[in-house]
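Protein chains in written order, with our numbering: chain W, 1 to 446; chain P, 447 to 628.
Possibly wrong hints are sitting among the right ones.
One side of the interface only, derived from the structure: several residues of chain P facing chain W at Cβ under 7 angstroms [to be verified]: (1) T568; (2) T569; (3) E570; (4) Y571; (5) L573; (6) D577; (7) V600; (8) S601; (9) E605.
In the BS3-like style, the derived pairs of lysine-lysine whose C-alpha atoms are separated by at most 27 angstroms in a straight line are [as the list claims (entries may be wrong)]: (10) W:K313 / W:K242; (11) P:K612 / W:K365; (12) W:K344 / P:K612; (13) W:K290 / P:K598; (14) P:K619 / W:K365; (15) W:K344 / P:K619; (16) W:K141 / W:K44; (17) P:K598 / W:K254; (18) W:K357 / W:K45; (19) W:K248 / W:K267; (20) W:K149 / W:K84; (21) P:K612 / W:K192; (22) P:K598 / W:K293; (23) W:K337 / W:K267; (24) W:K210 / W:K248; (25) P:K619 / W:K192; (26) W:K192 / P:K598.
No lab work stands behind these hints, which were simulated from the structure alone. Computed from a prediction, not measured in an experiment: that's the story for all the values here. We put the beta carbon where it would ideally sit given N, CA and C, even for glycine.
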Amino acid sequence: MKIHFNQNSLVIRLLFWVALLLIFFPSNSIAGYDYIDINNPYIKKIPIAVPLFKEMNGSMDERTKSREASVLLSDTLEFTGYFKMIDHGAFLEHPEEKGISETSINFKNWTVIGAELLITGGISMSGNNITLEMRLFDTFKAKRLIGKKYTGEVADLRMIIRKFCNDVMYQLTGSHGFFNSKIAFVSSGTGKKEIYICDFDGYNPRQITKSNSISLSPAWSTDGNWLAYTSYARGKPDLYIKNLKENKVSIVAKEGVNITPAWVPGKFELAATLSFSGDPEIYMLTGGGKVIKRVTRNWGIDVSPSFSPDGRKMAFVSKRSGNPQIYCQDLSSEQVKRLTFHGKNNTTPSWSPKGDKIVYSSMEKGLFNVYMIGADGGDPTQLTNDAGDNESPTWSPDGSLIAFCSTREGVSRIYVMTSYGTEQRRLFSMSGEQTNPKWSSNNMGN
Amino acid sequence: MQKKVLKGLSLLLMLSGLLLFVSCAQTDVQATPDVPKAQLAAETTASDADQDAAKRALEEEAIRKEQEAARNAFVSEDVYFDYDDASLTSSAQAVLQAKAGWLRNNPNAAILIEGHCDERGTTEYNLALGDRRANSAKTFLVDMGIPASSLKTVSYGEEMPVDPGKTEEAWAKNRRAHFTIE
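Chain P on its own, in the form it takes in the complex (with noise of 0.2 angstroms):
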């Protein structure tokens, strides 16, 4: 699916490209009528070049796309813990997998994961249970084959809730692993 609108896309493209070259050509000879035949010819096999260029761009663009997407996707999708507890659900586990195989694509990449828990339960329990927060998940990571020295820590407590609310929907939202690139 998503190759048969790339394909389209590029074949929109070429046509495009080539109708700008005819329209550019155009006017050319027309400014100047006695262009010889040997220099058209010249700058049609030029835009080959630029045709190939441009499919090239753009499946460039389509992968950056879809790294940035993919990266996009690493950074937003919280991990999310139940009340007082820093052990990791299963579908948390599975958030976790899907930023070990992001992990495992970029190397190189430098990660900090915060530690966050909802407002209740003090400030200074919460500080400790963010660090466990961040913990569990960075030792599901190392587990998994990522180097402990990408991975760092921080707990923010229950200092940065995505959802200042004082429902239980607020709090599930707020009790997460939140993970940034640096």
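Chain W with its partners taken away, still in its complex shape (with noise of 0.2 angstroms):
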């Protein structure tokens, strides 16, 4: 089991996590993705009941947390688009009562009020140490797909929970899911533009900036670590490049603007827009902030790059042909090829994780809409209407969702819908305006 840490006291904590695979060893842990078609556009929602866990030592603690585990489980599978949740008044049996292993479990009591998916969930609490035992069950077949037995510190559940959903999520789609991936976006709370971090679900957002100047365009390196963004710290538009963990920052502060990060997919290499040149064209930087070569060769505005996964081409704004309009740069052969012509203003283009697609805004009677488009080009399809302005795109690192920020609501918040542009939601509500959201990887610990 790989885990990824943030803290060191975390990891001498998590040691205690046990994963009983050989007790709890999921039956078809390779043939299991046929449940959940992501890449089916007709998605069919899979109905799935989480009764509450039921509490191993009866105690009045173990109560409390059986319902926030299990409305937390609940939430977290719901997120994902993926899920019907079936309403609790519908069940027939009560696992929280009769026990939650499969020989406790009439499957017929399930399948008969329509559910194909069954999570049962049991927690046991001494001191500050709690144990959650969970299980996935195939209903119609009657079969366990996952068993699971996490211990940590009581403040670990929402992790847990987490974790467990990630398994989940491998098991039903063969991707990970992106239950440890983050969300950084700029608010305006505190009167200035600062950089926030949040996590997927907009669970506990953090002020990262406090520059009391203008900061712009979070970008995220592959490993979490590393954040770059635009700044006003100095009085004008500089390139600050993060480490999260320890507190250094390499600053790119070179005549003009410095400006529209975006790191290479798995290296620690970014490309960003500077204009000291006196025109904005686009740079390949180290991570340290050196300038390693000039990508861009042509007069006008060059900005926001977005890289294919494999990190061979990249997707970026140009105004070469008069207005703004989404390229593609092959990056060995240095080819060009416009991918927008639609409309007359496409801009900040983001790359999908499987390299497939590309989402991007596009302005239309004045107001701006998300259009998702094929990598190569091809007709655009929209996926945000009638609402405001939306814009920013940013996928999550599986694929599945894309967050956006839109006016609709009035003044701008950060939402999330499905790739398709189905199940559009505000991910939360903060004082002042959020805009920028950009997706981190699933590999950001907890």
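Two chains, two separate frames, one set of hints: put the complex together.
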């Protein structure tokens, strides 16, 4: 089991984690991907039942945490957009009383209410320690798909639930999901634009920059350790490359603008627009901020790079044809192809984690909407509609969701939707305006 | 016209100065009745000098005001741009020509040209567009003989609108190059 940690203390705490794979070994760990096809545009939501967790020792503490755990599990799974949560009122049996292992479950009681999947959980607490066991069942096949047991501190509950959800998603889709990912964004809550980070579901937002100026355009390195962004802390738009764990920052402060960073996937290199030559061009930089080479060579604006997952191609915005359009440049051959032809203002491309799509924002009739296009161009699909400005789309690391900012409710807030444009919902609400969301990879630890 | 007003003003000031002097002198005379005439004469001479100084001060004040007005015009008059465009319209060029005139008279001034955009377009693109606008203005001035070393630029993109409105009028005001004297 590979786990990434943020803090050393956490490492020690988590050493107590046990995944009792021998006891609860998933019976079909390899051929388990046919439950949810995330490439299918007509997704049928899978009905799933998540009853309350069983209190293994029956203490009051367990009762409180039992509810918290089952609600958290239910909410986390529902967030993906893949599941239809079955109402507890419809349940014919109650594993929290009867028992949570397959010997205690009558699967007919679940298939008859339409549940195709069932997750049972048990919780036991002693002092500050908590043990959770959770099982995922296919009710029609009367088969256990996953069984896991985790031990940690009470404060680790959310982390443990997310870890189990990662396993559930991997079992059902073959992809690890996004429960370890974070979203960086810009918020003006303090009266100045600063960079913030929250969990994938909007939980635990915290302020990263305190420059009391203007901070913009956050960009994650693949390992999640570095955040690049533009800040006016020194009075002009400079590029900051900040290590989030150590208090280390490199600053690119050349004459003109130093803006729109994007990391090369899997490398300690990034692209950014610099205008020290007198014209905004995209350059490749080391993670330390040194220029490696110039990438674009065209008079006029070149901004907003986004790399293909293999790092071989770069989508970007250029004004070379008279107005902002999205182009793609092969980094070795330097061949450039224009991708967008509809509309006069196509900006902020974001390349999908699978490499086949690019989402971007496009202005029609004075309003921005999110569109999707094939990585080779083609006809765009409109994902947002008739609801204010919708800008800055960014993919979840598994490619199933897209976060973006929208003024549909007045001030700009951050929303998510599926990659088919369905289930659009606000991520959270905080003071000020939130813009520029950037989704991290899924290896952020917790 | 301006000269006439100036003349009138200085005359008025001279008269009032004289009046003030006379009243002072009178008080002086009353307080010390046996002041010799020579002293009075000397004071009269001094008053001539005062009048000259006042006149000079007035002229300097007028020049200073004129310079301040020119400086204010230099700072307050923005260069405006068309939507998604950093090229200079003829009216933008006229404004810049006036600015070049001021810069020639003030060769020691260090100038910061701010490039701004309206809110339409994305934040990222507008940062670059603001940069192009500030540079358009700078290039024009350099072509008119203003040394590039005295002209710095900064792009604020769409971050600092003068008018937060969402109308065509507000947007037009926000698409600008703004000059500040450092």
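Unmet hints by their number, sorted upward, for this structure: Those not satisfied: there are none.
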